[in-house]
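2 protein chains.
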Amino acid sequence: MDKKNKICIGILGGGQLARMSAIQAYELGLDIAIIEKEFNSPAGQLTKFEYTGWMDDENVIAEFCNKADVVTLENEFIESEKLRHIEEHYHKKVIPSSKTIGLIQDKFIQKTTLKNNNIPVPKFIEVTSKSSYEEIKEVLGERFLLKSRVMGYDGYGNASVSNENEFREAYGRLSKRSDKLMAEAFVDFDKELAVMIVRTSKEIDAYPVVETIQENHICKIIIAPAEVDESIIQKVKRMAIDCVKAVEGYGLFGIELFLTKKNKILINEMAPRPHNSGHYTIEGCITPQFENHIRAVLDLPLGSTKMIKKYAVMINLLGKKTEDDKMKIYNECLKHKDVHLHIYGKASSRLGRKMGHITIVGNDLNKILSKAKSIEEKINL
Amino acid sequence: MDKKNKICIGILGGGQLARMSAIQAYELGLDIAIIEKEFNSPAGQLTKFEYTGWMDDENVIAEFCNKADVVTLENEFIESEKLRHIEEHYHKKVIPSSKTIGLIQDKFIQKTTLKNNNIPVPKFIEVTSKSSYEEIKEVLGERFLLKSRVMGYDGYGNASVSNENEFREAYGRLSKRSDKLMAEAFVDFDKELAVMIVRTSKEIDAYPVVETIQENHICKIIIAPAEVDESIIQKVKRMAIDCVKAVEGYGLFGIELFLTKKNKILINEMAPRPHNSGHYTIEGCITPQFENHIRAVLDLPLGSTKMIKKYAVMINLLGKKTEDDKMKIYNECLKHKDVHLHIYGKASSRLGRKMGHITIVGNDLNKILSKAKSIEEKINL
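Just so you know, the protein sequences line up as chains Z and H, in that order. No gaps in the numbering here: position 306 of the first sequence is 306 in our numbering, and each next residue is one more. No gaps in the numbering here: position 358 of the second sequence is 358 in our numbering, and each next residue is one more.
Among the clues, some could well be false.
One copy or two, either will do: identical chains are not told apart, so a pair holds if it fits within one copy or between any two.
Said to hold, decoys possible - Calculated cross-link-like contacts (lysine-lysine; reagent style DSBU-like; alpha-carbon spacing at most 30 Å):
| no. | residue 1 | residue 2 |
| --- | --- | --- |
| 1 | 37 | 67 |
| 2 | 306 | 220 |
| 3 | 373 | 337 |
| 4 | 220 | 335 |
| 5 | 93 | 378 |
| 6 | 92 | 48 |
| 7 | 337 | 306 |
| 8 | 371 | 202 |
| 9 | 99 | 326 |
| 10 | 6 | 378 |
| 11 | 93 | 326 |
| 12 | 220 | 6 |
| 13 | 99 | 328 |
| 14 | 93 | 335 |
| 15 | 335 | 310 |
| 16 | 337 | 237 |
| 17 | 48 | 326 |
| 18 | 328 | 92 |
| 19 | 245 | 328 |
| 20 | 67 | 335 |
| 21 | 337 | 235 |
| 22 | 326 | 371 |
| 23 | 328 | 67 |
| 24 | 48 | 37 |
| 25 | 245 | 337 |
| 26 | 335 | 6 |
| 27 | 67 | 326 |
| 28 | 67 | 48 |
None of these hints come from the bench; they were simulated from the model.
In isolation and in its complexed conformation, chain Z is listed as follows (with noise of 0.2 Å):
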């Protein structure tokens, strides 16, 4: 990196990810740069360097990576390939690197990264045209997951089967989006849990292990920290850095595990950015996960992964059907003395989209939630 007295940081998309960002980036000082499909996202807002465009327009790339002193990313669906380009071409670190997300971005590969690395995942299978579903079952039993092996998020390019029937419905539906599919064994979970890991190139660090409960599988709440015996606390931290030196990754990374009924632990999957799961540590930690992302992406000392508090909740307001005044909603929210408010500044809202959160720390963990989901009810953004 030169010497010079601003250092910018450019993110690969400009939703909330990269707004939380780009705000903790500003606290240090840094500015921010923001290629984004469409002007004024929720991050683009933040910053005089948004660039609107997209991967495949060499000149708003090229702006961005003029103006860019290390480059970073709020998804892994871009191509490693593209990242490679602003790696090679323009000579721009890329954390994680197009390796890295060469290794996440397709499941498939992904699983078979992990797999050869002996951390433990589902069964999964490759699914193609070919594929019946008397062959999958035969590997994975009667009920699994058929998945988009790429581009899957919040439940889009997921489906549970457990008949035939079931089967070519969701094969014809998710095969519309990308012919790459893969299957997976079902998890007769006990608890979905989640933990972020965040590397540079001296350290490596576990944030707390957290629970995240899902709803028509998108996150709804987190519960920080997850309640668990230490010993399985231990064992997901340990996985999860197996994880994530399986993919050569630095950078902030989510990894979202499943506890079986049995106590056993299988990765579910890695997210190679900031997660909604960690959006608790905002507050509830010593230092916010999308601090430690910047100051991973700058390979600088991380700081205090710890909890200020014995717990946080993290509830996702999602989309409703009705949408009320912003006031009302300030007003309906911020009564509650100790409740922590994040609106997005989407543009519009549609039922289901992430459009904010709320978080309460506190040492009493049935109080705060309890607290936390009456609020969520009544808050229709």
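Fit chain H to the supplied structure of chain Z, relying on the hints for placement.
Chain H only, in chain Z's frame:
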């Protein structure tokens, strides 16, 4: 306020106080408009709604007021008539109001207002070209401060006087800045204290009382909470609330006080805005001063002002003679796991200029204080 999707707060001024306010506004999904004399100010960098110009450029003011739903400020130097123009001509609420600013910005009027409300202040007297050292000395005693009534900050506009020569020198120097001067009795204080007060139409709340340690008239260190008797704490909070009520103030206020060696409390001065003595609240309290500032400007319910650990220490990073490369500064500072670094993104440094600050939160005051001091020494910003 109109019912609409996005609410915009207009801030008069684009320095670090506006920048940190903007950051908190962004977490709440609000828009920010900044007006500042120069382009690319610390806060102006963070928004598309950056208006370059100042209060006498009616076109710029009109554009700014057209964008902002409500207006606030980051210093008390704008003549109250100009604020009244925004209120009356553009029909925008200004928080704190032109009336409140009119009672604060001239320190002689401020002190007179407080005195008339039976709030204890140091003895003070108006100083004109006709005032003699002997006359002032008769009222205030041998040692006093000569002060600009307006536009003083960080020691600019203050002079300590203890004989006639000093008086003449100080008078000559200060009257060049402004011919409105006052003199104030020297207070032989034990500690300097400060407290942030936040007020809406429905609530008034006090943050913890802190000790402020000045160097060359500039705030250098904040210790939160101040280590004084609980009875003093309560009295300070009551007096600070009285100050805000005396000026009919709504919004956020920083009140600086003297604790004399005889345990008497005197108001030093009040600022109608976020205050350097409240920066520790970003990580030290449940709700940062900047968030409650934004909430109060919108007359929303206030967040908790409680601390999250027993103590917080904040040290200002003032411009030094030499300025290190930014990466060196980041590495030096951030290698301490629990240090929170804030850099304001100012275009250039100069000796004594407020360039950033660090905060450490913890339960052992001596430990965090000596750690913060040793870090500050190594940072050349």
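Give me the numbers of the hints this structure contradicts, sorted from smallest to largest. Violated hints: none; all satisfied.
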